[in-house]
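Undergrad: Working from the sequences, and respecting the hints, build out all of it.
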Amino acid sequence: MGLPQELKEELATSLSEVLRPAEAGKTIEQIDKVYDWYSEFVETDNFNSLGEEYQDIAGQIIIDFTALVKYKQNTNPEDWNATTLTEYIETTVEEKYLEEEEYFTSISPVLTAFFAFLAQKSYIKNANELKKKVAKMGLDFKKAYEQINADEEEDEEDEATSEDLLQELQELYVEYEQSEYFQNLSEFQQSAAFGILVNFTDFAFQFHNITPDKWNPDNVEKVCLTSLPKSFPADEETFEAMVPILKSFMRYLESEDLQENTDRIVNRLDKIERKMIEKAIDEDNWDANKTIMMMGLEQGIDLTNEFEMKDFIEENKDEIQKKMQRFQSTKQETSSPILNEMFKYMSEASHETVFRSEPKIGRNDPCLCGSGKKYKKCCG
1 MGLPQELKEE LATSLSEVLR PAEAGKTIEQ IDKVYDWYSE FVETDNFNSL
51 GEEYQDIAGQ IIIDFTALVK YKQNTNPEDW NATTLTEYIE TTVEEKYLEE
101 EEYFTSISPV LTAFFAFLAQ KSYIKNANEL KKKVAKMGLD FKKAYEQINA
151 DEEEDEEDEA TSEDLLQELQ ELYVEYEQSE YFQNLSEFQQ SAAFGILVNF
201 TDFAFQFHNI TPDKWNPDNV EKVCLTSLPK SFPADEETFE AMVPILKSFM
251 RYLESEDLQE NTDRIVNRLD KIERKMIEKA IDEDNWDANK TIMMMGLEQG
301 IDLTNEFEMK DFIEENKDEI QKKMQRFQST KQETSSPILN EMFKYMSEAS
351 HETVFRSEPK IGRNDPCLCG SGKKYKKCCG
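The sequence shown begins at 1 in our numbering and counts up by one.
The hints are simulated quantities; they were obtained by calculation from the structure and are not laboratory data.
Just so we're clear, the structure is a prediction, and the values are computed from it rather than from any experiment.
For glycine and all other residues, C-beta sits at the position ideal for the given N, C-alpha and C.
A portion of the hints provided could be inaccurate.
[Said to hold, decoys possible] For each label pair, taking beta carbons as the anchor points, the in silico distance ranges come out as:
1) Asn81 with Asp36: 20 to 26 angstroms
2) Glu314 with Asp213: 42 to 48 angstroms
3) Glu237 with Asn216: 34 to 40 angstroms
4) Glu260 with Thr44: 32 to 38 angstroms
5) Glu314 with Asn209: 34 to 40 angstroms
TA: What follows is the structure in structure tokens.
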């Protein structure tokens with residue numbers, strides 16, 4: 001099939017400015033081949049495992065990677081290797097290719113998924129090596145972006161931190177999903193794994209300032225016995241799946257030399273599992289966010305559907321106001337952007353004071369409804 005003719009002509013024009021005609025022609029041939037691979041890739045689970053924001057830019061990243069490597073290193077796709085990746089990063093930094101945050105933060109997850117596909121198809125001999133290396137290079141791309149955009153305002157950098165952690169998690173998740181550790185989970189646990197890992201990672205960071213490199217028995221226990229059961233809106237079955245999923249993921253990280261103290265963390269998770277579940281189903285332990293979200297879940301409301309949420313608020317306005325008065329009287333605040341909108345909606349009707357949330361949730365942060373999606377692409 002190959003490249004669409006219009007795109008091929010655009011590439012030929014661009015390449016003719018920096019390459020001799022024969023070299024430009026060979027480069028287009030290689031891009032043509034990789035585009036065929038990309039056309040297969042978009043029909044696979046590897047591609048579907050990417051978030052929508054990564055899917056939208058995947059084709060551009062893969063074509064850019066192919067062209068840049070061919071242009072700078074004269075390396076064909078069949079010969080891509082670890083050195084190719086290292087030099088590619090250096091080139092993107094030195095020459096400041098495409099200085100958009102979206103581009104830089106998408107490179108690692110997109111190429112990880114693409115190389116996983118190439119490995120399954122045996123299209124290139126070093127695909128597995130490339131997949132593992134690029135999956136661990138999220139931090140390198142983060143540093144590259146920071147180097148190019150060193151003058152970003154501090155508050156913007158702070159908001160990007162949470163997104164970077166979740167990007168790194170998504171990169172790891174692509175491989176974890178194909179590992180024996182994931183395959184040994186039950187069908188329900190597999191379906192819940194991504195959302196649980198996203199929320200565990202984000203709650204640890206947002207509420208406790210705990211990054212993955214600081215995961216240890218005490219910190220893991222703190223997250224599992226405080227913020228998660230108090231604020232994460234999920235039913236008992238989901239909380240029963242949490243410890244098996246966390247143990248599975250910790251063992252996977254250990255197998256990749258990315259996690260220390262794994263035995264101690266796993267043992268601690270076993271000890272606190274029942275207590276965490278009891279806290280999670282105890283309504284007296286819930287914050288305002290979880291209280292209202294659980295009302296919606298019990299009524300079968302899709303928390304990610306704006307119209308269902310508005311109808312839910314309207315139909316249950318009196319009951320929600322009564323519940324909120326309890327939290328307002330005890331000065332509890334919500335960490336949910338959705339719930340803030342409920343407060344705002346109801347205050348406009350009743351002229352009552354609205355409580356604002358702390359910490360602030362950015363539009364690029366994961367939605368606290370538990371979907372695993374970014375807030376801006378979910379309930380925001």
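Undergrad: Hints first: check each against the structure and report whether it holds.
TA: Quick rundown of the hints versus the structure:
no.: 1; hint: Asn81 with Asp36: 20 to 26 angstroms; verdict: holds, 21 angstroms
no.: 2; hint: Glu314 with Asp213: 42 to 48 angstroms; verdict: holds, 45 angstroms
no.: 3; hint: Glu237 with Asn216: 34 to 40 angstroms; verdict: violated, 28 angstroms
no.: 4; hint: Glu260 with Thr44: 32 to 38 angstroms; verdict: holds, 34 angstroms
no.: 5; hint: Glu314 with Asn209: 34 to 40 angstroms; verdict: holds, 38 angstroms
The structure fails hint 3 only (numbered hints given earlier).
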